[in-house]
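*Asks:* What follows is each chain in one-letter form.
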Amino acid sequence: MKNGVLQKIDPEWFRKRLLVLMLLVVLLFVILAARLFYLQILKGEHYRELSSNNCLRKQRIEALRGLIYDRNGHLLVDNRPSYDLQIIPNDLRPIEETAQRLSQLTDLKAVEIESLVRSNRGPYGYAPVVVKKDITRDLMAVLLSHSYELPGVTIATGARRNYIYEPLAAHLIGYLGEISERELKSKKFPHKRGGDMVGRFGAEKAFENELSGVPGVKVVQVNATGRVVRVLDKQPAQPGHNLFLTIDFQLQQKAESLLNGKTGAIVAMDPENGDVLAMASSPVFSQNAFINGLSGKQWRSLMTDQNHPLRNKAIQGEYPPASTYKIITAMAALEEGVMNRNTTVYCPGHLRFGNRLYRCWKDYGHGEMDMIEAIEQSCDVFFYQAGKALGVDRIARYAKGSGLGEKTGMVLANEEDGLIPTSDWKRNKIGIPWQPGENLSIAIGQGYNLVTPLQMAVLTAAVANNGTVYKPNIMEAVKSVKGGLVEKSSPQAAGKLPVSQESLEIIKKGLYNAVNNKHGTAYWYARSEEIPISGKTGTAQLVGRRSDDLAEGEEFDRKHLPHAWFVGYAPSHNPRIAVSVLIEHGEGGASAAGPVAKEMMLTYLNTDEEKGSAKEADNQE
Amino acid sequence: MFDRRLIQYFDWWLLALTLILGTIGILLIYSAVNAGEQNPLADLYIRQAIWFASGLALMVISFLFSYKRLDRWIPLIYGGCLLLLALVLVPEAGKTIGGSTRWLSMGPVTLQPSEPVKLAVILFLARYYARRLKSDGLVFRDLVPPLFIAGIPFLLITIQPDLGTAGIIALVATSMTIFVKIERRTFYSLAVLVLIALPVGWYMLEDYQRMRIMMLFFPNTDALGAGYHILQSKIAVGSGMLYGKGYLEGTQNILSFLPEQHTDFIFSVIAEEFGFVGSIFMLILYLLLISFGLNIAYVCRDPFGTILAVGITSMIFWQCVINVGMVMGVMPVVGMPMPLLSYGGSALVTVLLGMGLLMNISMRRFTGS
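Chains A and B, in that order, are what the protein sequence lines are. Residue numbers 220 to 840, in our numbering, belong to the letters of the first sequence in order. Residue numbers 40 to 408, in our numbering, belong to the letters of the second sequence in order.
Because the hints were derived from the structure by calculation, they are not lab data. Being a predicted model, the structure only gives us computed values, none of them experimental. C-beta: ideal position from N, C-alpha, C; glycine also. There's no promise every hint is true.
To be verified - So, partial list: chain B residues that the calculated Cβ filter (under 7 Å) puts toward chain A: (1) Pro147; (2) Leu232; (3) Phe315; (4) Ser318; (5) Leu322; (6) Leu333; (7) Val360.
Using the sequences and the accompanying hints, generate a full structural model.
*Replies:* Here it is as structure tokens:
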């Protein structure tokens with residue numbers, strides 16, 4: 220061998236070293252293979268058993284769902300502790316014995332327990348099976364004292380949703396339901412697993428992400444009977460955020476009591492920003508019943524009830540707008556130049572058009588009417604004339620411009636569009652050309668028109684605030700558990716009413732007179748001495764034009780009574796609340812809906828004043 | 040200009056093995072992130088496939104030119120890699136995941152410079168040793184430059200901290216040095232020095248790293264932290280038994296007992312789902328890969344090529360042994376990807392570049408300079 224730097228080294232020199240290297244490599248791989256053999260073949264049974272009956276378990280720490288408050292921080296929804304009776308199938312040894320003992324202590328049958336556990340045990344049998352949800356404290360005490368003879372039986376403490384004032388705002392707040400297989404697969408709920416509750420309806424659904432929080436994890440070691448021996452690792456859950464709704468607790472309570480025994484809906488809004496101050500729908504349902512699990516019978520009765528208690532009529536109920544629609548017709552007539560402030564129409568109590576007689580609600584007629592008087596007294600003949608001159612399509616343009624005929628776009632799901640017909644629509648949908656006579660019905664809100672109480676509230680609020688159509692908002696703020704602001708709402712303008720300020724003043728004058736003039740349709744029902752109110756009544760005919768044609772004697776079917784509307788705002792010159800009231804089969808718009816709206820306005824404005832003066836008093840101290 | 044012999048001598052077997060292992064890797068990552076409940080990482084296997092494809096392209100580039108022409112560029116490559124490595128330590132540039140700052144964000148991709156640094160060190164050492172070969176072996180003086188070549192990146196990676204990658208650099212550098220022969224007396228004195236240095240090194244480790252080494256010997260004392268990984272991994276491997284539980288059926292995998300099963304613990308997925316048979320099959324594939332690499336060194340007539348091939352092969356070898364050993368509970372849990380199998384773009388591309396260089400050496404074994 221040469222010394223010094225080798226330029227041309229003998230390859231054999233390397234080759235010997237490489238052979239040694241290869242030998243070392245093979246040796247180490249043999250050691251690895253031996254280790255594999257030891258783990259998988261010699262100890263394979265042992266580890267297989269450990270893996271299928273792993274004594275280390277990852278348990279989830281449930282995240283507390285966020286609380287729900289009203290706009291003033293009044294707590295509406297919280298969580299209460301609950302205890303679920305669970306069984307871990309692998310730890311039941313044997314299943315028959317435990318089921319037998321358990322049946323002696325509870326009202327469950329041994330067979331039931333066995334079949335429940337057998338059908339729900341997962342592939343490996345150590346995911347707990349819930350046997351009975353929400354057991355009483357007494358039963359829990361009994362079970363705990365017998366725990367030594369009940370291997371595999373555990374009691375999971377959890378939190379259950381509690382609707383404190385249920386059924387207050389049941390439709391708005393909504394309820395929870397068990398997550399479905401499909402939702403689990405949809406990956407929309409990454410932190411949920413089977414048996415978890417998710418928002419099903421109302422704000423609970425709309426704000427699911429904000430409210431639900433993120434569960435934590437703990438690693439625990441369990442003994443042979445499935446009891447936790449010690450907690451090895453813990454990652455705490457992140458509780459859900461708290462939701463502050465825009466509704467006012469007292470006003471909401473008022474709305475519900477006003478609707479008690481009736482079928483219908485009330486929406487109250489802040490005209491300055493679109494905040495929903497109250498949203499009630501009647502009849503109501505029990506939210507807590509959903510949390511506890513409805514029986515088949517309860518569910519069927521809710522589903523088949525003709526008054527549709529599960530439906531939020533404020534956003535899902537579609538009704539003919541009746542005379543409240545005259546606000547739209549007036550807008551169209553003034554803006555299109557078909558009529559002006561001084562146009563008068565003589566009302567003899569009817570209008571003959573073609574070979575049909577179109578009646579005014581007032582048999583003997585209103586006499587000479589201008590626009591303001593026509594709105595005030597809701598003269599049909601005046602608006603027949605307007606409709607005749609405008610035609611359906613021009614009216615539809617103003618209705619759509621005011622947000623009718625389409626969803627308001629608020630966060631609550633299942634909102635309905637309503638319907639604003641046009642001549643094209645009728646040709647395409649029904650296949651019959653538009654008849655000139657229908658222009659007359661449309662102008663007074665009868666015919667194909669359908670609106671939701673919420674849409675009418677938005678329209679009324681827009682009239683009140685001189686033209687801004689706001690997207691209705693129910694979320695005041697979302698705050699973290701520690702009180703930090705996560706999300707704050709800001710008013711969202713969806714558009715402007717297609718009307719000039721001048722025309723709007725005429726309409727507003729009419730709305731003011733309707734309540735405050737002796738001839739006004741709502742004078743006797745909605746006028747307040749304390750606060751000036753403006754508004755419009757509506758009586759939606761459901762069959763024929765004259766109900767007394769049908770009704771003979773006292774046996775009058777309630778289903779044929781007209782729906783009652785009232786939309787309005789107060790105080791007239793500086794509006795702070797807009798209200799839309801619909802009472803199904805309430806008969807007279809003025810008599811059935813008017814007083815309800817008035818109560819709502821007075822309640823809100825009076826409590827508001829009290830709060831204002833209380834604040835002042837605070838300031839003086 | 041283009042020599043037909045290049046194709047004649049091309050190592051098709053090495054290419055085939057690389058493709059097979061990379062594909063198995065993607066399938067295993069799919070299993071690791073998709074078994075059981077929905078996983079936010081479910082699409083990782085697609086990313087791995089994209090990395091694999093781009094790595095293959097780079098691999099082709101790395102054997103198109105003769106590796107001998109690299110000689111001049113090696114210091115530049117080494118310097119560039121060190122620069123990236125240093126950049127990780129700049130607070131604005133480095134990206135921290137799980138307490139370690141190992142990554143650079145570059146637009147849509149995140150680069151882990153410590154991976155290509157391994158190759159740069161191997162290249163630089165091969166270049167140096169090829170010029171210093173002595174049949175009596177290297178003496179102290181000869182070993183000072185390699186100490187810096189490997190030492191600088193070693194320290195930079197240790198402070199990230201990434202014990203696994205730093206350890207690999209040390210192991211590969213040591214392997215290459217011993218391969219080219221150290222003079223006898225120098226070797227013994229170095230051995231004594233290392234024995235003295237070990238306790239000092241122990242003292243310098245982070246608590247969690249010491250814990251993990253301790254766990255190796257006493258896995259049941261703390262089942263929550265370091266011991267949890269080892270115990271769960273052993274359960275996964277052992278429960279695979281002879282034939283495994285089947286693809287996508289691993290219960291340890293499905294129930295997420297194992298963290299990082301798509302990266303460092305990917306071998307546990309094979310062991311659990313394909314059992315002893317599958318695991319031995321995988322070990323044989325890797326043994327083949329390593330013997331192909333050593334064979335390339337064996338038939339190469341050029342010292343630089345031989346030493347380079349040994350360096351690359353030893354990188355693959357050590358990563359395999361440490362990773363599999365760690366999964367089976369005979370090595371401490373350190374960040375150590377399984378070559379070609381584990382999820383991770385930088386590591387995959389680095390290994391593919393290494394494979395490209397091996398092919399490069401192999402196809403030019405009979406050509407002159």
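*Asks:* Does each hint fit the structure? Answer for all of them.
*Replies:* Here is what the structure says about each hint:
no., hint, in the structure
1, Pro147, "violated, 23 Å"
2, Leu232, "violated, 23 Å"
3, Phe315, "holds, 4 Å"
4, Ser318, "holds, 5 Å"
5, Leu322, "holds, 6 Å"
6, Leu333, "holds, 5 Å"
7, Val360, "holds, 5 Å"
Hint compliance for this structure: hints 1 and 2 are not met, and every other hint is.
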